[in-house]
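Colleague: Sequence:
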Amino acid sequence: MKIQGIEENRLQLLQDVSGVFRPGILTALVGVSGAGKTTLMDVLAGRKTGGYIEGSINVSGYPKNQETFARVSGYCEQNDIHSPHVTVYESLIYSAWLRLGPEVLKEIRKMFVDEVMDLVELTTLKDSLVGLPGVDGLSTEQRKRLTIAVELVANPSIIFMDEPTSGLDARAAAIVMRTVRNTVDTGRTVVCTIHQPSIDIFEAFDELLLMKRGGQVIYAGPLGRRSRKLTAYFEAIPGVPNIKTGYNPATWMLEVTAASIEAQLDVDFAQIYADSDLYERNQELIRKLSIPAPGYQDLYFPTKYSQKFIAQCTACFWKQYWSYWRNPRYNAIRFFMTILIGSLFGLIFWGKGDQTAKQQDLLNLLGAMYVAVVFLGATTAASVQSVISIERTVFYRERAAGMYSALPYAFAQVAIEVVYVSIQSFIYSTLLYSMIGFHWTVGKFFLFYYFMFMCFMYFALYGMMVVALTPSPQFAGILMSFFLTLWNLFSGFLIPRTRLPIWWRWYYWASPVAWTLNGLVTSQLGDNTSLLEILGQDFRPSVKQFLKDFLGYDQDFLPFVIIVHIGFACLFFFVFAYSIRYLNFQRR
Numbered sequence: 001m002k003i004q005g006i007e008e009n010r011l012q013l014l015q016d017v018s019g020v021f022r023p024g025i026l027t028a029l030v031g032v033s034g035a036g037k038t039t040l041m042d043v044l045a046g047r048k049t050g051g052y053i054e055g056s057i058n059v060s061g062y063p064k065n066q067e068t069f070a071r072v073s074g075y076c077e078q079n080d081i082h083s084p085h086v087t088v089y090e091s092l093i094y095s096a097w098l099r100l101g102p103e104v105l106k107e108i109r110k111m112f113v114d115e116v117m118d119l120v121e122l123t124t125l126k127d128s129l130v131g132l133p134g135v136d137g138l139s140t141e142q143r144k145r146l147t148i149a150v151e152l153v154a155n156p157s158i159i160f161m162d163e164p165t166s167g168l169d170a171r172a173a174a175i176v177m178r179t180v181r182n183t184v185d186t187g188r189t190v191v192c193t194i195h196q197p198s199i200d201i202f203e204a205f206d207e208l209l210l211m212k213r214g215g216q217v218i219y220a221g222p223l224g225r226r227s228r229k230l231t232a233y234f235e236a237i238p239g240v241p242n243i244k245t246g247y248n249p250a251t252w253m254l255e256v257t258a259a260s261i262e263a264q265l266d267v268d269f270a271q272i273y274a275d276s277d278l279y280e281r282n283q284e285l286i287r288k289l290s291i292p293a294p295g296y297q298d299l300y301f302p303t304k305y306s307q308k309f310i311a312q313c314t315a316c317f318w319k320q321y322w323s324y325w326r327n328p329r330y331n332a333i334r335f336f337m338t339i340l341i342g343s344l345f346g347l348i349f350w351g352k353g354d355q356t357a358k359q360q361d362l363l364n365l366l367g368a369m370y371v372a373v374v375f376l377g378a379t380t381a382a383s384v385q386s387v388i389s390i391e392r393t394v395f396y397r398e399r400a401a402g403m404y405s406a407l408p409y410a411f412a413q414v415a416i417e418v419v420y421v422s423i424q425s426f427i428y429s430t431l432l433y434s435m436i437g438f439h440w441t442v443g444k445f446f447l448f449y450y451f452m453f454m455c456f457m458y459f460a461l462y463g464m465m466v467v468a469l470t471p472s473p474q475f476a477g478i479l480m481s482f483f484l485t486l487w488n489l490f491s492g493f494l495i496p497r498t499r500l501p502i503w504w505r506w507y508y509w510a511s512p513v514a515w516t517l518n519g520l521v522t523s524q525l526g527d528n529t530s531l532l533e534i535l536g537q538d539f540r541p542s543v544k545q546f547l548k549d550f551l552g553y554d555q556d557f558l559p560f561v562i563i564v565h566i567g568f569a570c571l572f573f574f575v576f577a578y579s580i581r582y583l584n585f586q587r588r
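Take the sequence shown: its letters are residues 1 to 588, numbered as in the numbering used here.
Don't read these hints as lab results, they were simulated from the structure.
Careful, some of the hints might be misleading.
Here are the in silico distance ranges between beta carbons for each label pair [what the hints assert, rightly or not]: (1) G51 / W506: 20 to 30 Å; (2) V418 / N364: 26 to 36 Å; (3) I339 / G51: 49 to 59 Å.
Values in this document were obtained by computation on a predicted structure and should not be read as measured data.
The C-beta atom is built at its ideal place from N, Cα and C for all residues, glycine as well.
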């Protein structure tokens, strides 16, 4: 790198790599660990998130434009990342919806999805839930085929596959390779990285790009029947032993090109390839294909994404709807805890709503509102984090595939939470309001419900925001707990605002829990003019006056409290959306 004029020290992963991938040809990228095969594929696919890239990539003779290329290519990741709570068919419909243009009618999309399921042999699994890897749902081999199908429904011309047979037994690998072969036979360009394949798998490939450690190409060309062209090339190099009858050519190839053999023979396989006739033929083919064919126009799409913004929001919400509906570990437990906690607190504070004659009665009522907010609010923030952590991984893959921008995803994620939180809040509010015995009026109940709803909503948004801001769920949990502790400490219940040191009162105003407690107490008791008995004092202020002077809760301030709740929710949402858009903790 310094020879090329680059002064800072950088690790060069790829060196002088050139080649051609053609339609209807299945190409294998092979090399020992550290050879750079996955790095090369990430560079070609435009998935590299770090480092410096030099050189040129042409598609059909024209310089590659990543936004355009993402629309005509697919990338099958090794980890098979999918939303766990949707079916196989829904996963494919969702991918086709967002990656095929609006000119493709809904009926045509469904027909195309059915054809792809037949191609990859997933028709019998149409209604099966995807599930979590190693936990439930599809097997590893079935997930591999789903990964391929999710890309195929986008009707790509080029597909990259990162070790499609990794972690599979012989039978499962054969099924996946049959799927890959079927894909190639449709006329698509398919490139696979592969690590020490069996004879049968290796024979399924048409061409090979072999790399050695250091990111250099040592062979790029056809395999030939029973890999004879490959073996003939290396056997022609002096000192390289001939392959034994029945021996795996892939294993033999990696053995004879190992660094130890290079040192033993005192040769450089990369230099031998660069001096070979095969290299010259490849360079001639590259020069020929780097010129656009007569009458062929460069690909152009007027928009970055296949679907418009509204369609992206609709599709994302559709998937989230089914994901939440089929996630009892999250939502059924959410509602169970809501009913349980609401009933428990209702029984503990039974009939306290109209007991405001004594100071202790009033403080008991304040305590009821405090625990009602903090207990279930913190539970909401914690439980949503596991869901967002899983979905964020899926989001990284889907956004890299050009399915949608970050904002529709954020809108859909928040919108589905609004639906469930509104129901959860209504159940919780009804239980508490009736059992504690607050004064039944439409206005007061609506305000109680409003503050409970906004409370659970900003707690959920806070949990989502913290996940989006941090690289791991563990870090998110620690950060969330720290600020929740401060929110509770400065909520105005443990220490009233009027008793806080002046230099700490700013955090009282920054605590959402303090605003919720203010809104709940003021909306229910702020107009109460009955006299309050204070222990040890002859003076008897009204409840309204006591709340204002001792706790700092002023009924005239209530409209502003209502608005501030919207502000907290919007703040957490915008930080969540911004973080999802600009922070990428996935490194390639």
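Colleague: Each of the hints needs a verdict: does it hold here or not?
Modeller: Comparing the hints with the structure gives:
no.: 1; hint: G51 / W506: 20 to 30 Å; in the structure: violated, 44 Å
no.: 2; hint: V418 / N364: 26 to 36 Å; in the structure: holds, 33 Å
no.: 3; hint: I339 / G51: 49 to 59 Å; in the structure: holds, 52 Å
Going down the numbered hints, you'll see the structure goes against just number 1.
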